[in-house]
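Our numbering numbers the first residue of the sequence shown as 1 and each following residue consecutively.
In case anyone wonders, no lab produced these hints; they're calculated from the structure. Please note: incorrect hints may appear among the correct ones.
Simulated restraints on C-beta separations [as the list claims (entries may be wrong)]:
#	residue 1	residue 2	range
1	Ser218	Val46	47 to 55 angstroms
2	Arg65	Pro292	49 to 57 angstroms
3	Gly60	Ser180	38 to 46 angstroms
4	Ala257	Gln32	46 to 54 angstroms
Listed below are the simulated SDA-like cross-link pairs for lysine to any residue, each with C-alpha atoms no more than 25 angstroms apart in a straight line [unchecked claim]:
#	residue 1	residue 2
5	Lys298	Arg213
6	Lys152	Ala346
7	Lys298	Arg319
8	Lys336	Pro195
9	Lys215	Lys336
10	Lys354	Glu280
These figures come from a predicted structure and were not determined experimentally. We put the beta carbon where it would ideally sit given N, CA and C, even for glycine.
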Amino acid sequence: MTESIVEPKPAAEGDLTFDAGIDLKAITTRLQKEREKLGRDGDERVCTMNLVACYFSTEGYEKARPALEVAGTLHPARLLVLVAESKLAGDRVRGRVSVVRNGSSVALERIELTATGLATRHLQSAMDGLFLPELPVVFIWGGRPEGALFEKALERADRVIIDSGTRTLPAFLQIARRVSNGAPIGDLAWARIFPWQAISAEMLDLPNLREHRRKIDSVRVIAAGQSGPEAALLAGWFAARIPRAVVEVLDGPMPSADQSAPSEPARAGKAAVHAPPIAEGQVAMVQFDAPPARFTIKRERGILTADVQGDDDGAVVHRVRMPAETPGRLMGLELKLLSGHDELYAASLAQAAKLLGLDLSKKSS
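Can you make the complete structure from the sequences, with help from the hints?
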């Protein structure tokens, strides 16, 4: 029996509704109409990738939407948003199509598909028909790293970007096993610890401190509260870069409100000007010893302060401001790498798993 497709009058301009299946032709036709509204400039399209964002609640997508839009215009893309609300009643798919101009050309083509009930099964089959051919495919994954759609993403994508920092350590360890098997995964939690990596490298590159680089024998990464994926990743990075050192990842106290980054009330149209407050599981402090010197890096009120004691030239203090968490910043960093496999991230993940007692050679039960 052939499925019928019903397209009632759109609820809003650019909207579509399907009660059974997804009419790909209706979507592409509506997309062309949206481009034509831009006039002759709409004929010029700049796209570098197919960007597919998968979420499992409308709330999750709306929270991520500003970052997706910024990242999608910084890296011109066809943005395909898939929202699967399987627990909601009503087996239908609602779609919205729009285009965003950047200068004189179309920089972002956005197709949003929100499916409810049993209609969520149509999302997987709709993906390939909406891709622009011969362009890389990058997935932004907003759910748990599991399930049939995630497996499809890993098979189809040049890169799948997750945020292990929003997940528990068991999920983080599943990711480590997948990456060790060659999965093309990128991680926003990895991008989030770049400032810690940078200040550590900068301190050891100062002319009067370079002598200590070969003497580091122990590293301690202290988390805010119970250790989470970001603390484990940073510890794994140290272990991968300094194999001779004894590396530990430790639970620590949660910082007080005064020690955390200041937060400002949300203001319409205003981006954050501070780093966000530190969350449980994130990195609060790093210490590494290169006898007789001890390096200590602490985060306080959005500032990383590196202090060196025991060096024969006296104490050294270096301060770096944590970057503001503006929409799309972390995602933009990860989208720069389209090869799908970040060797240093993979090595750091493997070392983090080892520090947490996971044998990546064993299959999941």
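Check your understanding: Any hints this thing doesn't respect? Which numbers, in order?
Key -> 3 and 9
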